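Residue numbers (full-length UniProt numbering), protein chains in the order written: chain A, 1 to 258; chain B, 1 to 258; chain C, 1 to 258; chain D, 1 to 258.
Be aware that a few hints might be false.
The list makes no distinction among identical chains, and a pair is therefore deemed to hold if it is satisfied within one copy or across any two copies.
[To be verified] The calculated lysine-lysine pairs, modelled on DSS-like cross-linking and capped at a C-alpha distance of 27 Å, are:
1) Lys21 with Lys240
2) Lys165 with Lys240
3) Lys212 with Lys235
4) Lys165 with Lys235
Rather than coming from a laboratory, the hints here were simulated on the basis of the structure.
Remember, predicted model here, so these are calculated numbers, not experimental data.
There are 4 protein chains.
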Amino acid sequence: MDLLDIRGNKLKSRLLIGTGKFPSKHIIPQVIENCETQVVTMAVRRVDIGSKEENLLDYIPKDTILLPNTSGARNAEEAVRIARLARAMGCGNWVKIEVISDNKYLLPDNQETIKATEILAKEGFIVLPYMNPDLMTARRLVDAGAAAVMPLGAPIGTNKGIRTKELVQILIDEIDLPIIVDAGIGKPSQAAEAMEMGAAAVLVNTAIATSKDPVQMGKAFSLAVKAGRTAYLSKMAPIKEHAHASSPLTGFLHKGEL
Amino acid sequence: MDLLDIRGNKLKSRLLIGTGKFPSKHIIPQVIENCETQVVTMAVRRVDIGSKEENLLDYIPKDTILLPNTSGARNAEEAVRIARLARAMGCGNWVKIEVISDNKYLLPDNQETIKATEILAKEGFIVLPYMNPDLMTARRLVDAGAAAVMPLGAPIGTNKGIRTKELVQILIDEIDLPIIVDAGIGKPSQAAEAMEMGAAAVLVNTAIATSKDPVQMGKAFSLAVKAGRTAYLSKMAPIKEHAHASSPLTGFLHKGEL
Amino acid sequence: MDLLDIRGNKLKSRLLIGTGKFPSKHIIPQVIENCETQVVTMAVRRVDIGSKEENLLDYIPKDTILLPNTSGARNAEEAVRIARLARAMGCGNWVKIEVISDNKYLLPDNQETIKATEILAKEGFIVLPYMNPDLMTARRLVDAGAAAVMPLGAPIGTNKGIRTKELVQILIDEIDLPIIVDAGIGKPSQAAEAMEMGAAAVLVNTAIATSKDPVQMGKAFSLAVKAGRTAYLSKMAPIKEHAHASSPLTGFLHKGEL
Amino acid sequence: MDLLDIRGNKLKSRLLIGTGKFPSKHIIPQVIENCETQVVTMAVRRVDIGSKEENLLDYIPKDTILLPNTSGARNAEEAVRIARLARAMGCGNWVKIEVISDNKYLLPDNQETIKATEILAKEGFIVLPYMNPDLMTARRLVDAGAAAVMPLGAPIGTNKGIRTKELVQILIDEIDLPIIVDAGIGKPSQAAEAMEMGAAAVLVNTAIATSKDPVQMGKAFSLAVKAGRTAYLSKMAPIKEHAHASSPLTGFLHKGEL
Numbered sequence: 001m002d003l004l005d006i007r008g009n010k011l012k013s014r015l016l017i018g019t020g021k022f023p024s025k026h027i028i029p030q031v032i033e034n035c036e037t038q039v040v041t042m043a044v045r046r047v048d049i050g051s052k053e054e055n056l057l058d059y060i061p062k063d064t065i066l067l068p069n070t071s072g073a074r075n076a077e078e079a080v081r082i083a084r085l086a087r088a089m090g091c092g093n094w095v096k097i098e099v100i101s102d103n104k105y106l107l108p109d110n111q112e113t114i115k116a117t118e119i120l121a122k123e124g125f126i127v128l129p130y131m132n133p134d135l136m137t138a139r140r141l142v143d144a145g146a147a148a149v150m151p152l153g154a155p156i157g158t159n160k161g162i163r164t165k166e167l168v169q170i171l172i173d174e175i176d177l178p179i180i181v182d183a184g185i186g187k188p189s190q191a192a193e194a195m196e197m198g199a200a201a202v203l204v205n206t207a208i209a210t211s212k213d214p215v216q217m218g219k220a221f222s223l224a225v226k227a228g229r230t231a232y233l234s235k236m237a238p239i240k241e242h243a244h245a246s247s248p249l250t251g252f253l254h255k256g257e258l
Numbered sequence: 001m002d003l004l005d006i007r008g009n010k011l012k013s014r015l016l017i018g019t020g021k022f023p024s025k026h027i028i029p030q031v032i033e034n035c036e037t038q039v040v041t042m043a044v045r046r047v048d049i050g051s052k053e054e055n056l057l058d059y060i061p062k063d064t065i066l067l068p069n070t071s072g073a074r075n076a077e078e079a080v081r082i083a084r085l086a087r088a089m090g091c092g093n094w095v096k097i098e099v100i101s102d103n104k105y106l107l108p109d110n111q112e113t114i115k116a117t118e119i120l121a122k123e124g125f126i127v128l129p130y131m132n133p134d135l136m137t138a139r140r141l142v143d144a145g146a147a148a149v150m151p152l153g154a155p156i157g158t159n160k161g162i163r164t165k166e167l168v169q170i171l172i173d174e175i176d177l178p179i180i181v182d183a184g185i186g187k188p189s190q191a192a193e194a195m196e197m198g199a200a201a202v203l204v205n206t207a208i209a210t211s212k213d214p215v216q217m218g219k220a221f222s223l224a225v226k227a228g229r230t231a232y233l234s235k236m237a238p239i240k241e242h243a244h245a246s247s248p249l250t251g252f253l254h255k256g257e258l
Numbered sequence: 001m002d003l004l005d006i007r008g009n010k011l012k013s014r015l016l017i018g019t020g021k022f023p024s025k026h027i028i029p030q031v032i033e034n035c036e037t038q039v040v041t042m043a044v045r046r047v048d049i050g051s052k053e054e055n056l057l058d059y060i061p062k063d064t065i066l067l068p069n070t071s072g073a074r075n076a077e078e079a080v081r082i083a084r085l086a087r088a089m090g091c092g093n094w095v096k097i098e099v100i101s102d103n104k105y106l107l108p109d110n111q112e113t114i115k116a117t118e119i120l121a122k123e124g125f126i127v128l129p130y131m132n133p134d135l136m137t138a139r140r141l142v143d144a145g146a147a148a149v150m151p152l153g154a155p156i157g158t159n160k161g162i163r164t165k166e167l168v169q170i171l172i173d174e175i176d177l178p179i180i181v182d183a184g185i186g187k188p189s190q191a192a193e194a195m196e197m198g199a200a201a202v203l204v205n206t207a208i209a210t211s212k213d214p215v216q217m218g219k220a221f222s223l224a225v226k227a228g229r230t231a232y233l234s235k236m237a238p239i240k241e242h243a244h245a246s247s248p249l250t251g252f253l254h255k256g257e258l
Numbered sequence: 001m002d003l004l005d006i007r008g009n010k011l012k013s014r015l016l017i018g019t020g021k022f023p024s025k026h027i028i029p030q031v032i033e034n035c036e037t038q039v040v041t042m043a044v045r046r047v048d049i050g051s052k053e054e055n056l057l058d059y060i061p062k063d064t065i066l067l068p069n070t071s072g073a074r075n076a077e078e079a080v081r082i083a084r085l086a087r088a089m090g091c092g093n094w095v096k097i098e099v100i101s102d103n104k105y106l107l108p109d110n111q112e113t114i115k116a117t118e119i120l121a122k123e124g125f126i127v128l129p130y131m132n133p134d135l136m137t138a139r140r141l142v143d144a145g146a147a148a149v150m151p152l153g154a155p156i157g158t159n160k161g162i163r164t165k166e167l168v169q170i171l172i173d174e175i176d177l178p179i180i181v182d183a184g185i186g187k188p189s190q191a192a193e194a195m196e197m198g199a200a201a202v203l204v205n206t207a208i209a210t211s212k213d214p215v216q217m218g219k220a221f222s223l224a225v226k227a228g229r230t231a232y233l234s235k236m237a238p239i240k241e242h243a244h245a246s247s248p249l250t251g252f253l254h255k256g257e258l
């Protein structure tokens, strides 16, 4: 069976989702069920265990892997502190590193991300770093102990699709870790395309959460990820420059048969 | 339930497939089952009912709608003769008009296609014309009695994808008949994209038949078409120029909370 | 010398421009001078020889070829009448056929365009038909006596670029008449691209007339057309899948030379 | 007058060229003259002043700015040594930093590039670092004293065009230094596009050197760069979703005027 393996965790689903931007937390369990995701990311900031208010975690099924992210961290040190806090709060030992000091494009800081990855991997975390696609950075993340590499397709929340295709394809071809395309994927067709390229998985949030029907859109992404993965495994037919008839063109009409 | 309606025929599947180019006819039933298609096209030329050899039709399940195509016709007259022959042979009254006199790109002849459509529609055929995407031609096909319009995405067999997106989108927006994107679709992601654009269905042959595993690739296309359709119905989130945080960025770290 | 030959008229410039949409007629002579165009199109409607008001023709230098267009014609008959009127008014015997009955996308009617071309070519006009890119239509235009073929890149006035690249390239490769890309070109880079593809010329209006500085933008398009044409004639270097060093990478540093 | 200002050096030309891959060194002076470049890069390795063979420098006109590059350097230290060597050899104090340890895609190492930039800028070099497009790296290069930033469009020598458009545009919008698009530009239209995006200049080598006629292709690029720059300064007309008539469509034909 074709499974996504992240540090020995064998996953059937190759769609990871985020929890931000949903019109209501109450819709999240249905989205998760419908899209069959097994890994859900959330900002540690939004997890408030001692609160009297409902906690985001109450909406995540128990068998789902939590992937706390370090959203809000502006450097490696802050990311490390947030990760440790998440673990202390009982969120487990997975962490998605987000180090962002740019408020306009929300682009990650590759250098600080490498640092945070190294520290947290040594502390036993399963580290999934979000990064600007860059081969040398990805190699350093491998060395630093990352469990997967998460290059962006386009700035967070833009729904622009995989605008960094050239660079992401190189990571897929060269890096011996799962490549999970994160940020920018705005339509199921784009998720399918990432999978056809050979990505191991995709992470989607805005495109699901801000669609008109998030529960159904979750389903659409789930189908698209399976479609793309199945196509990748079945090896696609080559692109040809000129036309090739699907049906025989040569001429029974020309042979007096009619 | 969301069904594709072609002249009162209500179809669950929005994936039509072709039968040419498969490595062996014996694989066709499995492909059909796996991709759940309900409409299968074949060149009339390849249907040979009186033959001692196995007939292509033997490989099409009984509950599948046959869509004989007029492949080989170079003008309206020949297309009409082939369509009538198909009906006489017991292939039913659906017909896909292909009028092609160009051997290099296999591009359809819109003008002759309109003529053939008009004649055959009057004779009670359910006519699905293959055409070069063109708004005025599509309007004339509507007037001629077409049951759907099948614009090409790229020349047949090229797997180049929907290179005529601009023109196909206009047909989807303006024509009050199902638009079925035919020819050129090479990957499931492209089929999903056609559906996201609002196409009613897609027809795929080469991309399935010449992949390494046609049975699985049929499944991949089936999933992709469902993904794209579901996304279309769920209304996609808008594309934004600048980044928008999925998770709150503002600063609990900055408030001395840690 | 590399000249554009339209029915024996040898032209140095491969940029044709339109006269609509300029903020003021008074700017037109400067634009023409700056962009070095030799062929200028205008709607016959706007030419009003008997008028006391200033006539558009007053702004076109004497040595410029006038290309009256049949804008406003909804069928072949109307186009023919407008063309004859233009000739009677002294606009010469060039004519750009525009037959448009669609008010939203302003897409041409290929079938009526063929009819008008045939009639006018027989009457001695130099006929340049505007058309939706379509190989069979282009072949019929050749037979009808067209002097060039003008496929659209995108709907008029959209500045979207050459969205019909696949179909236009086929015309360039297959049709033995000058192919002039008309409508949709929004930036000089897109004009250059059309020329690199092998187009004989481009026609630009909106992108020049509605830029902030039409005189300078005319210059920009003129340079771009020359750039693209020169590149086409110099044969471009091939696209490679993998990187190739521009400079020697092998190592003097590794040989103890430093 | 519109000039490119690199550390007070005011340049008329916004086309920088490389010297590798030409079929013969003898063609280089003609290319330089024809494309009007004022800055020429070469691998320090290829400069051999003491040689009895003809030196590459013999083919560079005296008034051209030399931009030695550190091609062959695998880390900051090697880049620094090569830069110093170039200066000692009389190549002046400009340097293009290339730090590449990947032999397949020849992608730069942003982290080592920042280090080399910092050291060399302090030593008085005018430093132009070649980099993988990345906002945070660009900001660090500014801090390190770079004179310009040179993001890649695609891997060196591929002629694929600006595949990193999304990321390069962000650098153009956010970084207060000239952005010079380097590597990947394969056609003049792509150079024009970079300039329309707001790039300050482009560097081209393979596309000129390996075309069939490098002297003419140099001219083509020169024209394209001017076209793109002129368009950028003239502000391009906006892209519209729907068509807008260039000529008045309303109907004199409908008013009984004919």
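When Cα atoms must be at most 27 Å apart, do lysine 21 and lysine 240 count as within-copy, between-copy, both, or neither?
For lysine 21 and lysine 240, the Cα distance is within 27 Å only across copies (14 Å; inside one copy 42 Å).
With 27 Å as the alpha-carbon cut-off, assign the pair lysine 165 and lysine 240 to within, between, both or neither.
both (21 Å within a copy, 16 Å between copies)
Please work out whether the CA atoms of lysine 212 and lysine 235 approach to 27 Å or closer within one copy, between two copies, in both situations, or in neither?
This pair counts as between: shortest inter-copy Cα distance 5 Å, intra-copy 34 Å.
Within, between, both or neither, where lysine 165 and lysine 235 count as close if Cα-Cα is 27 Å or less:
For lysine 165 and lysine 235, the Cα distance is within 27 Å both inside one copy (19 Å) and across copies (25 Å).
Checked against the numbered hints above, the structure violates none of them.
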